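Sequences listed follow chains F and B, in order. Anchor point for the first sequence: position 168 equals 168 in UniProt numbering, and the numbering is continuous, going up by one each time. Anchor point for the second sequence: position 108 equals 108 in UniProt numbering, and the numbering is continuous, going up by one each time.
Everything labelled a hint here was simulated from the structure, so no lab data went into it. Remember, predicted model here, so these are calculated numbers, not experimental data. One or more of the hints may lead you astray.
[Unchecked claim] Per the computed footprint, the stretches of chain F lying under chain B, defined by three or more beta-carbons under 8 Å from a beta-carbon of chain B, are:
#	stretch
1	7 to 15
2	23 to 34
3	113 to 120
4	134 to 141
5	172 to 181
Even glycine gets a Cβ: it sits at the ideal position worked out from N, Cα and C.
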Amino acid sequence: MTRRPWVLGGVAGLVFLFLYAPIAWLALVSFNDSRSLSRITGLSTRWYARLFEDDRVLQALGLSLRLALTSALVSTAIGTLAAFGLRRAFPGRGPWTVLLSLPLVVPEVVLGVALLGFCVKLAGIPLGFGALLAAHVAFSLSFVVVVVRSRVAGMDARLEEAAADLGASPLVAFRTVTWPLVAPAVAAGAAFAFLLSFDDVVTSSYLTGVGSTTLPVFVYAQASKRGVSPEIVALSTLLVAVSALLLVAGVLAAAWRARRTGTASTFVEAGRDR
Amino acid sequence: MARPRWLVATGLLAPTGLWLGLFLIAPLALVVQFSFATRDTGVARAVLPWTAQAYATALDPAFLPIFGRTLAYAGATTVLCLLLGFPLAWFTARHGGRYRTALLAAVLVPFWSSYLARIYAWKALLDGEGLVNTLLGYVGLDREGGFLLTHAAVVLGLTYGFLPFMVLPLYVACERFDHRLVEASHDLGHGRASTFLRVVLPGVAPGVLAGSLLVLVPSAGDFVTPRLLGGVEQSTFGSVIDDQFRGGNNWPLGSAMAVLLLVLVVVVLVLRGRRGEDVL
Chain F
1 MTRRPWVLGG VAGLVFLFLY APIAWLALVS FNDSRSLSRI TGLSTRWYAR LFEDDRVLQA
61 LGLSLRLALT SALVSTAIGT LAAFGLRRAF PGRGPWTVLL SLPLVVPEVV LGVALLGFCV
121 KLAGIPLGFG ALLAAHVAFS LSFVVVVVRS RVAGMDARLE EAAADLGASP LVAFRTVTWP
181 LVAPAVAAGA AFAFLLSFDD VVTSSYLTGV GSTTLPVFVY AQASKRGVSP EIVALSTLLV
241 AVSALLLVAG VLAAAWRARR TGTASTFVEA GRDR
Chain B
1 MARPRWLVAT GLLAPTGLWL GLFLIAPLAL VVQFSFATRD TGVARAVLPW TAQAYATALD
61 PAFLPIFGRT LAYAGATTVL CLLLGFPLAW FTARHGGRYR TALLAAVLVP FWSSYLARIY
121 AWKALLDGEG LVNTLLGYVG LDREGGFLLT HAAVVLGLTY GFLPFMVLPL YVACERFDHR
181 LVEASHDLGH GRASTFLRVV LPGVAPGVLA GSLLVLVPSA GDFVTPRLLG GVEQSTFGSV
241 IDDQFRGGNN WPLGSAMAVL LLVLVVVVLV LRGRRGEDVL
């Protein structure tokens, strides 16, 4: 298997083709001149133009952005605390871990109907932003915890001990030693939470209220009623482009950071030798 | 520093615990309560008398084909994801070299891009006049009306949607796998097939388990893909639950089905045991 990776590489290439061909087609069709999604007749940007004239689209986009930002903020804040809480063994850690991984395995439709019942029949929470926020934070939390926790677990505890030995107060040690080490993971967790919220259809579809529809729910409703239109394809292409850009930016930032901290750690090594 | 460790940990975990308790556990408990309610009870407090009627309906033979179809879709999706995901994960982990991160990011881009957009892309591709049918037409394999509204279309869509869930844990397992074991196995006279089955597969088993779980559960619960690519004929468990809450207005029945779906998840989790845990 090692000596001839070409066959394997070929298969992997085909799988990549499978992953990207539909997206490429989507992008191509969004610039199509005619309404057809199957045949390219010419190029035009009119579907994009029409998209930005549609008030409902802009409204839904606004709500989705506000919701994704708020939900990412809340879930990153409390999820990061939780990740630190799980850092060392303590009685009761097992049940906590189970609780925190629960959102990963509860099917979205079940979460959606459960929260619908809860908000409407028990808690009296009106559908819309509040209900959506409750749901989005609930399903993003696990991802934040998983991401931050892996970083916290991989951290060298001696660095913090050294800071304490050198007279740093816990707060100073956290700010100058711990935080810079976990910050990239916290940022990654926040990005995950943002994208999870921004893209959610199933759970959100139960919790949107009158006049407060998220973008994916709007898109789904439109397409279920009238079928997939070129406007919807253009909108989808935009969504794909935005998340791709976010991800590429994230990877580049991580690489840049790694190079920077790489030099920083050689610095530490040099100091240790002395 | 004198505070006991468990107190500090619990304090840090409290906000998350509170949120999940309020917006996950309590709603799920309410669903269980609904599932024992008589039909059309209006408010939650008026559920008495308790009845198992909803479960009797949910387990009625009439719903059996839907159960079977859901499991078949989810099972086929999981197997396909494994077949496609393994070469990708192995190649990236073993031969990715300095491009590993880039390759992984390339797997993730479709994953993080609009889920609906990806289903619509397949809708356009599988249409009667779509690219797939046109290309197949050149070799005489085209199908009247295209491939939409078929079982194959649903499984294809689900596989496409959930493949990254499989690739990530598989990648982690492949990266951890000690490659010298393969050489040792070859040195000891095992062929490729035998090495794969007896050395590689057991070695990456935690990743296979974790990935299968991450694909199986959401694909069993999904109703958007079956509905958009399979149409009303191919209703699945998820879409029946959806109908009961949105259209049919039989919340107890929908709740009973939601509970059954949760039970299925728990069974899968227990069967998995603790093996896949460290990769998740």
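We went through each hint and held it up to the structure:
1. 7 to 15: holds (count 5)
2. 23 to 34: holds (count 4)
3. 113 to 120: holds (count 6)
4. 134 to 141: Contact hint for the stretch 134 to 141 of chain F vs chain B: holds, 5 residues under 8 Å.
5. 172 to 181: violated (count 0)
Violated hint for the displayed structure: number 5, the only one.
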